[in-house]
Each structure stands twice: as structure tokens, then as C-alpha cells.
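Undergrad: Each chain, written out:
4 protein chains.
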Amino acid sequence: MDPMKISVIGAGSSYTPEIIEGLAKERSSLPVYEIVLMDIDEHRLEIMTAFCRRFLDHIGCTEIRLTPATNLKDAVAGSRFVVTQVRVGGNQQRILDEKIPLKYGLIGQETTGAGGMMKAFRTIPVMLELAKEVEQNNPDAWIINYTNPTGLITEAVTKYTKANIAGLCSGGLFPGWYTAKALSVPAETVTYDYAGLNHLSFASNIRVNGRAISEDEFDRVAEAAARGGVDYNIIRALRLIPSPYLQYYYHTARRIAATQKVGRTRGEEVLAIEQEIFREYADPKTVTKPEALKRRGGGGYSQVALSVMKAVWTDQPARVIVNTPNRSAVRGLPEDAVVEIPCRISAAGIERLVSTHLPASVWGLVAAVKNYEQLAVEAAVRGSRELALHALLAHPLVRDADTARPLLDELLEANRSYLPQFSL
Amino acid sequence: MDPMKISVIGAGSSYTPEIIEGLAKERSSLPVYEIVLMDIDEHRLEIMTAFCRRFLDHIGCTEIRLTPATNLKDAVAGSRFVVTQVRVGGNQQRILDEKIPLKYGLIGQETTGAGGMMKAFRTIPVMLELAKEVEQNNPDAWIINYTNPTGLITEAVTKYTKANIAGLCSGGLFPGWYTAKALSVPAETVTYDYAGLNHLSFASNIRVNGRAISEDEFDRVAEAAARGGVDYNIIRALRLIPSPYLQYYYHTARRIAATQKVGRTRGEEVLAIEQEIFREYADPKTVTKPEALKRRGGGGYSQVALSVMKAVWTDQPARVIVNTPNRSAVRGLPEDAVVEIPCRISAAGIERLVSTHLPASVWGLVAAVKNYEQLAVEAAVRGSRELALHALLAHPLVRDADTARPLLDELLEANRSYLPQFSL
Amino acid sequence: MDPMKISVIGAGSSYTPEIIEGLAKERSSLPVYEIVLMDIDEHRLEIMTAFCRRFLDHIGCTEIRLTPATNLKDAVAGSRFVVTQVRVGGNQQRILDEKIPLKYGLIGQETTGAGGMMKAFRTIPVMLELAKEVEQNNPDAWIINYTNPTGLITEAVTKYTKANIAGLCSGGLFPGWYTAKALSVPAETVTYDYAGLNHLSFASNIRVNGRAISEDEFDRVAEAAARGGVDYNIIRALRLIPSPYLQYYYHTARRIAATQKVGRTRGEEVLAIEQEIFREYADPKTVTKPEALKRRGGGGYSQVALSVMKAVWTDQPARVIVNTPNRSAVRGLPEDAVVEIPCRISAAGIERLVSTHLPASVWGLVAAVKNYEQLAVEAAVRGSRELALHALLAHPLVRDADTARPLLDELLEANRSYLPQFSL
Amino acid sequence: MDPMKISVIGAGSSYTPEIIEGLAKERSSLPVYEIVLMDIDEHRLEIMTAFCRRFLDHIGCTEIRLTPATNLKDAVAGSRFVVTQVRVGGNQQRILDEKIPLKYGLIGQETTGAGGMMKAFRTIPVMLELAKEVEQNNPDAWIINYTNPTGLITEAVTKYTKANIAGLCSGGLFPGWYTAKALSVPAETVTYDYAGLNHLSFASNIRVNGRAISEDEFDRVAEAAARGGVDYNIIRALRLIPSPYLQYYYHTARRIAATQKVGRTRGEEVLAIEQEIFREYADPKTVTKPEALKRRGGGGYSQVALSVMKAVWTDQPARVIVNTPNRSAVRGLPEDAVVEIPCRISAAGIERLVSTHLPASVWGLVAAVKNYEQLAVEAAVRGSRELALHALLAHPLVRDADTARPLLDELLEANRSYLPQFSL
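Protein chains in written order, with this note's numbering: chain A, 961 to 1384; chain B, 961 to 1384; chain C, 961 to 1384; chain D, 961 to 1384.
I should point out that these hints are in silico values taken from the structure, not numbers from a laboratory.
Wrong hints could be hidden among the right ones.
[Unchecked claim] In silico BS3-like pairs for lysine-lysine, Cα to Cα no more than 27 Å straight-line:
hint : chain 1 : residue 1 : chain 2 : residue 2
1    : D       : Lys1063   : C       : Lys1221
2    : C       : Lys1063   : A       : Lys1119
3    : B       : Lys1063   : A       : Lys1063
4    : C       : Lys1221   : A       : Lys1119
5    : B       : Lys1122   : D       : Lys1092
6    : B       : Lys1119   : D       : Lys1119
7    : C       : Lys1063   : D       : Lys1063
8    : B       : Lys1092   : B       : Lys1033
9    : A       : Lys1270   : D       : Lys1270
10   : A       : Lys1221   : B       : Lys1092
11   : A       : Lys1122   : C       : Lys1063
12   : B       : Lys1221   : A       : Lys1063
13   : C       : Lys1063   : D       : Lys1092
14   : D       : Lys1122   : B       : Lys1119
15   : D       : Lys1119   : D       : Lys1092
16   : B       : Lys1270   : C       : Lys1270
[To be verified] Okay, the calculated beta carbon distance ranges per label pair:
hint : chain 1 : residue 1 : chain 2 : residue 2 : range
17   : A       : Gln1220   : B       : Ala1242   : 55 to 61 Å
18   : B       : Ser1174   : C       : Glu1370   : 54 to 60 Å
19   : B       : Lys1092   : C       : Lys1254   : 55 to 61 Å
20   : B       : Ser1174   : A       : Asp1362   : 48 to 54 Å
21   : D       : Ala1217   : A       : His1317   : 32 to 38 Å
22   : A       : Val1222   : B       : Leu1384   : 49 to 55 Å
Keep in mind it's a predicted model, so treat the numbers as computed, not measured.
All C-beta atoms in this analysis are idealised placements derived from N, C-alpha and C, irrespective of residue type, glycine included.
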């Protein structure tokens, strides 16, 4: 196997060491000789490059070269995989995404609801620029996208460029983890049907070693899944394992009340944690991942990313749940709609598995959110305030026009400097 | 043309004189010799039969025979059209449909939201009994259904029987009326695309004498349409004419606040009006429709019903907007889903016109409500509390499980005596 | 109603007086004040213009102005309807379309099989030029296309231009005529389901005054339909009324043998008849349609054309069977495939009626021919010999590659001067 | 892993030693302890059981138990996999399948054309009996079907029973073999898109180690593929690798002439070879597969069968091309139509991969043959002579009604004793 170069875009992210560690461990199947770390924040990049160097040396992986870069063109050139984890506007804007909707009595969340739309508006132009660079100058490369909201990003990239992209999320692994924990079986023995959108997915028909689990076993899995945030009783009633993000749909008022009670948003917590993490990264004595990283959350992404990269590189096919255009995999959704579904990934790329129908109890909710997503992508690309309003009216968590209009005004104003495509 | 017999089921309704009057006026094309008035409320039936007799005599239509009936079999036998306008549980239950959701901070409405579901639960078994009678003993007859929620009723009847049914609503005429008023043109010159569900429909691409209206003209139509309850600004932003019932989706909080402020529901108003109307009907001196009937609302139904009956009877085809199973008329909705769409109606029955796609800004909302509708129909037929919960979780106006569960308990309890299919 | 101008393209056709006569008779609903007669054959145009003038005067219709034209731009400008009936290459090429396939033991026919493909190749560029003229300079006009093969022409025009077009054929009327004749009922009382392609259509579910006909009645209709060329026994076995052109599919060998026995093709007969007809047209004493015209065949087109024009002009909707892009009207065929189906035509244009599924016994044949048609249209537009070969391999009446290859060579060579788009 | 029992139905087939050998070699992943050999021909069964015993002992595999059975119930009970390779009517009827169509100037072939239909008619009732036995008494078992025509058999079984079945053919491997040979690469490095029906499939988009092959390389693959029977020039023109059976469609006349020239059908050759093979099997000294078996053809089946069984048993997923109901994998074909497509097979069963569209040049042919197949399955199940006629009219290789009718009469008569479902 030829050695290969990988780039990480948005390498100033606190997650970067996780992917670096994964790549180091998988050298036998993914023979990386160089990792380009690219970020526009030169300060964080410097800290991260130095830390990753120490970290790799510490785990005895001195032969992987680390190259910092602040320029997209350099980072993309020659890379087999372009891992993307950008956060346009940083945690400051995330906190606004959370707080502004909350003022209107709505869910304020990084990827779900009006906040997620603003994140998409800020991020899509940046990701399209990157994807066009890949399309033109390195068309065989694969974008391995971690950037949220990954469904909308992937839809924008697949609609407006020809770049290869896999939209990743660890959420596709959760039903297996819940089942493994509840039934004390290895996660690898668990399979299930799975369909929906990123952060709006449902698993059903769970099997262990190919045998369907019993009703009683399902209830135990439901108990484990309920720790994700959707009530045990609802999971039992639906007989489906929902993404934890469904808590924002099924327990809207409770989630809003809880955030208001805590008085600080997740973004604010993350901001504090990240400051702590970066203090440690910056310390020349730190050679392992800081303890605080565990509180950061979001682990598992690198597992999915490594599965995809290994399957493409080694042509050892893997069944991975990714975000990809629907074609005819899921009935009732548009062909160009990006969905989160099981796929077979190999050197030949992404092959969709034909899904069973979306479950009878939730297909309308999935359609409603997909409608919002498609409108939001168009609004983001065209910079259209009118389409942004359509998107909020279409969103199940907003819908009320009397709220949507002033909310949109305030959100656009608060993001003014990050939305060049809108004439604000 | 052969003379024909028509039956009116639920003839104790205050609307009955409107359909009687329509039939009297249309005798040249619909040669009715007998109208069977059927109701299980013998008191109201007696009053209504007597009034209608006086009314028909007064307008010089002595040759139409009026036959009261309290038995379904008698009413259906030999009738060419079976006009259905039943209200199971009467206004008392309607008021509960409105008031109970309101207690939970939700829209309380006769056809929209949780209240509409309860109306469907009470009504579907009764309508299925009727449809099975038609199917078995008079299969060439047509059910002309006014009974609300007409979409759910029609879906239950078409899924569980083979009876011919047209699910009617005057809502399909509204965009034409708005346009006629706004632009001072005859309503007959106005055409438009139209798709969606009953009370969840959208008109677009309005034309007058085949010419598309201008943007300015649209704005004037929007102004007229806004009197239906959806804000002018929202109609302008969407460039669609929504059903007035969309006010419950786009102005949810405002509608709830308004009802709470008034302190009495529409059902309570109607109850009072109907008492007044029936006092007049019962007065042997009353020979014309009471003034109070205008305050009752809902006019226009008979116009649609007469159009359908004339087209079927005379085989003079008419383009009428009715509720009917989708087949492939509207993309993205299930084939068996009842939709409200333009059809060509003739002696050959209902021929669907292929719709343009549902508008890009609203297809997800339509899917979400259709998902609720299909779950509600199944819950109603099977008497399943679990499916009823699924239906409320799927409904955009309920969704929150923490509300849905206690709300459902209270609604089922309050309807206990009208829901034999549920084991309550 | 405003008076209107109509143009007839290919007015040198012997059919022209039929449409002129129809327009004269329908003046009350189609107030034509001018008919532009356009043809590139100045000699025939002169004869035809003079005859039509005498003919119109003879039937007392002096006020309709007749204007000869040899220029497309002049003919299209200001016309409400552009009636097209062109024959590129004339009867001479038609005879080659018939004779060359016959040499290879294949059906040689004007619209069906390899001959029809050549007619499409010659005609599509001419029709696209016309449609682009309409699109750019008279976009509200309607092309009323008689030109064969009308399905392929309509598909080319709807794929490559935005001009309004209705692709006509009298074939949609045949099942009604057969039924009327067999059962001695007026054709207007007969309705039926109908789906397929031009010259490859099937009627089913025949009704008279809305009542389904009996099995015995069907057999009598089958007897009448069998005079079209498909055997009575086959029609009975299929329980469908096929287009007469299905004889080329179900009685291939017999049709070939019959033509070979006769020793002259239909084109050669027509050539002789047309010479006779034109001698009469040219005679200044001729003021009525020549007797020989009846032997020319193809009547009924003008009836369909007038129905469409009246429905569009007066906005009195008509149910007419026309060729138009499928959208979702017929299941299993591509959305952009032109199909021949019942539509509702009005000032608003063509509204497709949702078809029942194609009959279970013939959907594959329809798909096979549609596949050929789509390949032939692409071959015609791009001038691709390779796609032309694909088209012949896809055609159920050719398919054998060992025949298709030399046959294609000979056909292209024989049409060399009419196929500028091919580099021959 | 638990040891497992497998049964082979139709074990008197000369192919049986191949599957036995495969199972012996794969013991490490497929721990078979018993193989039930079932056949209704006791003589052949006795010879085969004895030979297989000697063969297994010879290759040192004494621990696998061989159990002869003449009863379906016994064979199915307790078997994890039921391998089916039955030939109802034997070679005698096969020869009639070949010879009778030939008399009418049509392709006479075991699986393609009218002959294949008769094989389906004889075999479907037998296979349905077996599948119902599996469904009722061993529902977790998998039917591994070799029996031809495998597409029709699989469609009948999946429509009329709930038994698990994988319809196998080695044809899905051919494009890989051709490519491997032409380009001197290992077959495992070759991937391709693939869609169609059994013996009517097309591969495209060939890749080696994930890289698309060049136009020149395609031409070399085409050369290798052409040895299958379809001309090099046609393969090149289509840019698709067709199943070798497409020779019957693209070189119909040539194939018929060749068979007529040889003067003996493939069935007659096989009959002679099989007699030779069985003489050797019967010889107690024979302990290895006879040389003559190579001339028998059809190798590769066991490779596919073993792939499927291993993937199901070990839950090590494999991408295998099998015959399975379409759902939405292939656009334009009915959902219940069995298609031959790449699937992911694991303990969870068959997961379809979403196909690209059927190639633009051949989708109509695939639809036409699928239409025939669905009609033939219905005719076989219902014993309907009328549907059998519909099937022949729908078949691209028959179609002409003047031939189809007498041909059908003769075929049914010649199969009278094997078609109890028809009232002959």
C-alpha cells in the first residue's frame, strides 16, 4: 500500500488529537506519512501542532510528519482524505445560536432548530469553497466531514459540487452501543435498520448475531437509550430507538425549562472547558490528551471517520451509517435529499442500502425537518432572507410566524459579519 | 333522465335546509323525487322534516317527497346519493374537543389538532357502518360526505370499504372567491393549482381567464385571503394562498390567546346559535331559512355537493376539488393517502388530475399532518390507545410527549361513551 | 371573443382542406379571421391556397382571409395556434422508410419500426426550429402537432424547448368509435381508460353512459376493433382495445408477408392517390374536397385539433387524449417520457389525468418502445449514429444486431441529404 | 460455531459433487456435520450418495455424515440451508423445451424464451411446495436456489410464501472474470455496477481496485466478454457487459441457424454427457469428479452458494449478486419484481444496494422481459392458459400472436403430465 497524506481542516479544534490518535493506531491499515493541520486561527494552530507533535512522539509515532497550514489550497493538494471540522464564528456565535431562540421560548441548540440554521448559514459558504477546491484540484480526494450540521453541509456540497463527501456522525453507532450495554453483548454483534436525517434518525428491528431481540430485551435497550434524553416511556411506545436529539422534539418544553433553569447554555460550558483544554495543550509538558477532553463530549466521530477511510483505502468494505443523497434508498423523500442511512463503503465509494420504509409513526416528522433543511440550504447558498423565513416556518420547532419573523431578524443581525452572502 | 332519490344522513343538522334548497333549485339537472331525511335524534328530525316541508312548499316545490327515517338501511336503500353530515356526540362533545386541548396550552379546534382527532375517533366507526351498508346493499350509490374531519373520514372509508365516496369541503373554492373579490372578476374565470389535505391546502399559480395574475394582483388577492386568518405578510412571503385553517399553524400562540381572551369557544357560540335556529325551525310559521343561519357559518358546502352530484348524474364533467386517495397525483405522499386535489368528476367517477409538486415551502408540513392523519385513522379503526399517542406525537400542533400523554388520557376519558372501539 | 389568427405549417399537405373546413364550421366558437398557409413547396402552396379560397367561398365563408407564406417567422408571428403537419422528404422518403426495412425482413412502416425512426430523424430538427421560433417570438401560442411520429416529435419539442405543444392523433378516439358502432350508441356516451404511447396505446374499462359494458358487449366491440388489424381472438384474450398499429407487433410476419404480396407499399399507393388529389385541387373548377381524399385515410385528426383549440380558446374544458410528458400520470415510465393519455384541456393548458396502471399484460412492451423512442429522439437531436444503433437494438421490431447494423447503414445513406445533423 | 445440517434437494443432479466438494473445503467457516441428499429418483440418489461418500472419504472428510432422503419433510427438518437444484421432467422435457420453439422459428433454450416458460411451469409448483414446507416447519432456514429459471422461481417463492430464499446464478461473477482475464488482474480487485434480471443483466462502470478502467481497457474486456456469445462490436457499442444470454436477443437469427445446423440441442448433448458422467459415478472405483463434468458446464454456482451460506452463517457480510425482490433498488420496475442485483448478505439476510438507473440503452428490454416473467409466474401458479398466452405475447422473443397461439398449444400438450395445475 502506498503511504498517504491526510489533511485536517479546522485543526485548531479541540477534537484534533482524537483523530490524530486514531490515525496513529491504524497505521497498519492506513499508512499515513503526513498530516496537514490547517486552520485560519494561527494561534490555536501553533498550540495544536506543537501538542500533536509531542503527543505522537509520546506514543512512539515519530515517523508521521505534521505540517501546519493556513491556506486551503496547500492543505487540499495531494491529500487522499480531507477531514473537515470547521466552526465558523467559534463558540461565541454558537452561544448566540443557543441564546437567541431561547429568548423566544424556543429550543436553542447547536444543530437543532433555528440555532442550527444559523450555523449552517455561516458554514455552508466556507465548506462550498473547500469542496470546489477539492473538485477542481484534487477530485479523487474524499471529504470526511465532521462539521455540523453535517446533513445540511453534505446536502450543500453534493448539490453544488462534484466533490466526494461522506457526512459523518457518531449517532449511527448509538443504537448498537445501547444494545450492547443493555444486553451485555459485543457491539459488533448488533445490527439494526436505521433511517432518517442527521440528529433525526430512528433505529428499529434490532438483532444480535442475526436474531431479533425479544420485546423484553427491547425494553432493556430502551432503558439504556433513555439515558440519551428521550423518555423511556416514549421509546417503549414507539418501539424505535430515536437519536438523542429527538428529546428536543418530544420534550420541547422540558428541555427549554431545563436550560433556562441552569442559566448557561452548553456552548458556554464548552467555552469554559475548551479554555481549560487549551491551557493544557499549550503546556509543553502535556504529552497526552487532557482529562478535561472527556467533558467536551462528542467522542466516537473519529471511529466513524477511520472506518470510512479504511474502507475506501483498503477496499475492505464496511457497512457504515453516513449522510449521503437519498436517490431511492428511503421512500417518500426527494432523490437529492441527504439522508442518514446504512451504506456499504469501499474503494468504489458509497453504495446505499435500500431502506425499509421510514417507520409509520415518524415519517412525517422526518419529512417536515427535511423540508426545513432543503429550504435552509437554499437560503444559505443564495443568501435569501425570504427562503430563511420559509425555512423557519417549515421547521417543526419554530413554525409560528409571529415568532419566526422577529427571531430571524435578530439572528441575522447577530451573525451579520459571518454572512457575506446575505445583503445585511 | 330518470327521477332519483337522495338521502341525507344526519338530517337533524341545521345545515339541512341549505342542501334541500340547493336540490330544489337544481331540479332541472338533478330530478329528485324523494329526499329521505335520516337522523337518530327523533326530536330534531321531526322539527326538521316539518320545516323542510313548509320550506319546499313555500318555494313552490311541492312535488319533492320528504321521508323521515331513523334507520340507516331504509335511508340508504335505493338512494343515488347519500349525503352525510353527522355529528357524533353533538355540540357538547365538540366543546370538549375545543376546551380540553386549550387547558394544555394547545389549539382547541373542531377539525385541527387533538380536538379533530377526537371527532374522527367518534365519527369513523359510524361512517364505516354507513359505508359498509352502501357497499353491500347499494354499491352504485355515492356517499357525498360533508362530515368533518372530511379527509380522515374519506381515508377510513376508502381504506376499509369499497363504497364510492367524495369527501367535500368548500375550502377548495376559497382561492377563487378571494381572487374574484380582489380583482373584481367572476369566480368562474379564476383557476389555480391546488394541493394538500383538507384544511391544510395551498393554492398557487392563479390565473384569470387563463392568464397568470401579476405580482401586484397577487398581493391584492393575498389581502383578501388574509381575512381568512393567515397574515397578509405570511401569504405574501409564501406566494401561496393557504387554507384559512393554516392560521392555527402559523399563528398558533395568537389563536390560543385570542380564544382564551374571548372565554368561550366557537362550539359554545354555535350551541347558542343553534338553539336559536331550532327555535325558529320549530315555529310552524317559519317557512324560510332563519336569519341566524348566516351566523352559523360553513356555507358553500352545498354548492360543492351539488356540483359533484350533477357531474355524476348528468355526465357533464366538472373540475371539482375533493378529498380522494392520492394514487400518484401528489408526489411524496403515500398512494393510499387521501388528499384534497382538483379532480374531473363525471359519470365515470373521480379522475385525479396530476398535481404539480407540493410547493417547495410547505411539503414537509403537509407530510407531517398526513402522517398524523394516517395514524389517527388506524387508531380510530382499531381502537388503539398506543396509535392514538403516536398520532398526537406526529401532529405538528401537539408533538411534545409530556403534554400528549396526559392530554390523551383526558380526551379519551371525556369521550368514553362515544368510543366503543377503545377498551376504556 | 377576440378574432384570432391561425397558421398551418406544411400547408401543401393534402389534409389542409380538412382543417380549413373544420375551422370554417367552428367559427362561432373559434372566431378565426386569418389562416396563414405556410409551405416551402411554392408550387403546392399556390395550388392549395387557390383551392382553399374557392372552397371557403363555396361554403359561404368569404370573411376568412387566407395568406400564403414560405417563411416560418411570418407564419408564426401573431398566430394563436400553429398547426403543424410537415413531411420532410415527402412521399419519396416515406417509400424508402417502408421499403428498406422490408428488404431485411422487417416491418416497413411510416411511424412504426425503423422507418418511423428515419421519419423522426428527418423531422425533429425542422420541428425544433419551429418550436424555438414559437418559444422566442410567440411564447403564448400553441403548437397543434399532427406531424408524425407525433410522440417522438412532442418529446423532442418538450425536452428541448419551452413551446406549448399538444401532440395529436385521432387514435385516441378509436375505442369510442368501435364501441359506438358495435353497440349502436352515440360515441359521446362512451368513456374508457386509455394509456400508452402514440400508435402503441390500449383502452380498457369501457363504459357507456358511465356503466361498465358486459363481457358479451366487449366481445362485440372487439369484433369492431378487429377491423383495425389486430385479430379478434387476440383482442378478446387481452380484454383490451389496442391501437390498430399493434398489428405490426402481434402479426408481424403476416403483415410483412401481406406487404410483400401486394408488391407496393402504402407510401406508393398514397403517392398515386395524392397525384390524383392534386390534379383535382389544381383544377379551377374544383370547389369541394375531391372524392379521392377519402382513400387517403387519416381523417379524424382535425376533429381532435379543433377540440383542443376550442378548449384552449374558449376555456370550456375538454377531456382529450393527447401526447404530453408523463410527469407521474403513468406509473413505471420516466417523468419526461411523452405518453398518450387522457388530459383535461382548458385555457390553463394541459392537465394530465392520473392513469390507472398500464395493463398487466402490456406494460413491458410499452416500456420497450418508449426506450426506443427516447434513444431515437436523442439520436435525432445529437446526430449520433451510435445512439441510432442503440435505438434499433432497443426496438422490439428490430433488436437483432446482425440486422440492425447493415439496416442502419442503408437507412442513413438513403436519407443523407435530409440529415444535416449526422456527419454522413 | 454450532455444527450445522444442510440439505440438497434434487441431489440426483450431476452437479451435486461440486457443492459437496465446496462444503468439504469450507468446513472451517461452514461446520457442516450432515448433508441430506434428497431426490425422488431413487436410482440416481443411490448412485450419488454412494459416490459422494467415496468422494468425501477420498478427500479425507470422513466426519461429514451423508443421509439419503426421498421425502421433502425429512430433508427440510432441521436444515440451516436447503440447496435446491431440481429438474422437473428431466432432460427429456428440456429437450422438448428446446425443440418445439425451434420448429416455429424461435429460440429454443432452457431458460430463455418459450422453453424457459415451460420449465417454470413445471418447476414452480414443486418449488412452492418446498417453500411452504420451509415456511411452516423450518422458517429460519434459507433456500439456496440453483433451480432454473431462478428469477421466476424466486419471484414465485417470494410472492406466495414467506420462506427465506436467495436466487443464485453464477452470471453475476462473469463481468469480474472477463475483466480479470482481459486485464490480468485478480478477480477480487474488480467491481462494477450491475442490474437486470437473471440471464438478462448488464454490468457497467467497471473498476479495478476502485479505479475506473479506461476506454481501451474496456475494449479488451469486451473482447473477453464476447466469447460468451454477444458480438464484440455490440458490446463495444453498448459500453456494457451483457449476460451471455443476451446473444439470444441480439443474435436471434444467427443462434437459431446455428442450432439448426448442429442438428442437436444443448439438452441432447447434456443428456449424452450425463449418461457418461453417471456411468462413472456408478463405478465403485470412481472417487473423484469425472472428467466429463467439465463438459457439463454451469460451474461457479457452488462458489456463489458458498458465499451466501458463509455470509449468513458467520455474519461476515459479503457483496453478492443475487435474485431478490426489487423494492426500490432498481427504478422503473415493480416493487415485487425479482431482479438480479448486488446485495449485502449477512446474518441479517439480504440487504439490497440501491442501483444506479438501468442503463439508458436497455431499460425497456429489461422491462419487457420482466413483464413476461411476471405473467409467466402468475400463469404457472394459477394454471391459466390465458395468462400463458399473455406471457408469450409479452416476451420479446415470441410476441407474434400467429406463432404464439399454436406454439402454446403444442408446448402445453407436450408437458401435459407435468402440469397438474393446468386443466389440460
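Undergrad: Decide, hint by hint, whether the structure agrees.
TA: For each hint, the structure was consulted:
Proposed proximity of lysine 1063 (chain D) and lysine 1221 (chain C) is supported: the alpha carbons are some 24 Å apart, at most 27 Å. For the hint linking lysine 1063 (chain C) to lysine 1119 (chain A), the alpha-carbon distance of about 51 Å lies beyond 27 Å, and the restraint is violated. Our distance criterion of 27 Å between C-alpha atoms is met by lysine 1063 (chain B) and lysine 1063 (chain A), whose separation comes to about 24 Å. Using a Cα cut-off of 27 Å, the hinted pair lysine 1221 (chain C) and lysine 1119 (chain A) is violated, with the two alpha carbons roughly 60 Å apart.
Proposed proximity of lysine 1122 (chain B) and lysine 1092 (chain D) is contradicted: the alpha carbons are some 32 Å apart, above 27 Å. At most 27 Å may separate the alpha-carbon atoms for a hinted pair to count; lysine 1119 (chain B) and lysine 1119 (chain D) meet this at roughly 23 Å. Annotation: proposed proximity of lysine 1063 (chain C) to lysine 1063 (chain D) holds, straight-line Cα distance about 24 Å (limit 27 Å). For the given pair, lysine 1092 (chain B) sits about 11 Å from lysine 1033 (chain B) by alpha-carbon distance, which is consistent with the 27 Å threshold.
For the hint linking lysine 1270 (chain A) to lysine 1270 (chain D), the alpha-carbon distance of about 23 Å falls within 27 Å, and the restraint holds. Restraint check: the Cα-Cα separation between lysine 1221 (chain A) and lysine 1092 (chain B) comes to about 56 Å, which exceeds 27 Å; the hinted pair is violated. For the hint pairing lysine 1122 (chain A) with lysine 1063 (chain C), the CA-to-CA distance comes to about 49 Å; that exceeds 27 Å, so the pair is violated. A hinted pair counts as satisfied when its Cα atoms are at most 27 Å apart, and lysine 1221 (chain B) with lysine 1063 (chain A) qualifies at roughly 24 Å.
With a CA separation close to 53 Å, the supplied pair lysine 1063 (chain C) and lysine 1092 (chain D) exceeds the 27 Å bound. With a C-alpha separation of about 25 Å, the suggested pairing of lysine 1122 (chain D) with lysine 1119 (chain B) holds against the 27 Å cut-off. A threshold of 27 Å between alpha carbons decides the hint, and for lysine 1119 (chain D) with lysine 1092 (chain D) the separation of about 12 Å falls inside it, so the pair holds. A hinted pair counts as satisfied when its Cα atoms are at most 27 Å apart, and lysine 1270 (chain B) with lysine 1270 (chain C) qualifies at roughly 23 Å.
Separation of glutamine 1220 (chain A) from alanine 1242 (chain B) is about 57 Å and conforms to the stated range, judged on CB atoms against 55 to 61 Å. Taken as a hint, the range 54 to 60 Å holds for the pair serine 1174 (chain B) and glutamate 1370 (chain C), whose Cβ atoms sit roughly 57 Å apart. For the pair lysine 1092 (chain B) and lysine 1254 (chain C), the supplied restraint of 55 to 61 Å holds, since their beta-carbon distance comes to about 56 Å. Under the hint 48 to 54 Å, the C-beta atoms of serine 1174 (chain B) and aspartate 1362 (chain A), about 29 Å apart, miss the expected range.
With their beta carbons about 50 Å apart, alanine 1217 (chain D) and histidine 1317 (chain A) fall outside the hinted range of 32 to 38 Å. Between valine 1222 (chain A) and leucine 1384 (chain B) the CB atoms are about 40 Å apart, so this pair departs from the stated range of 49 to 55 Å.
When held up to the earlier numbered hints, the structure conflicts with 2, 4, 5, 10, 11, 13, 20, 21 and 22 and fits the remainder.
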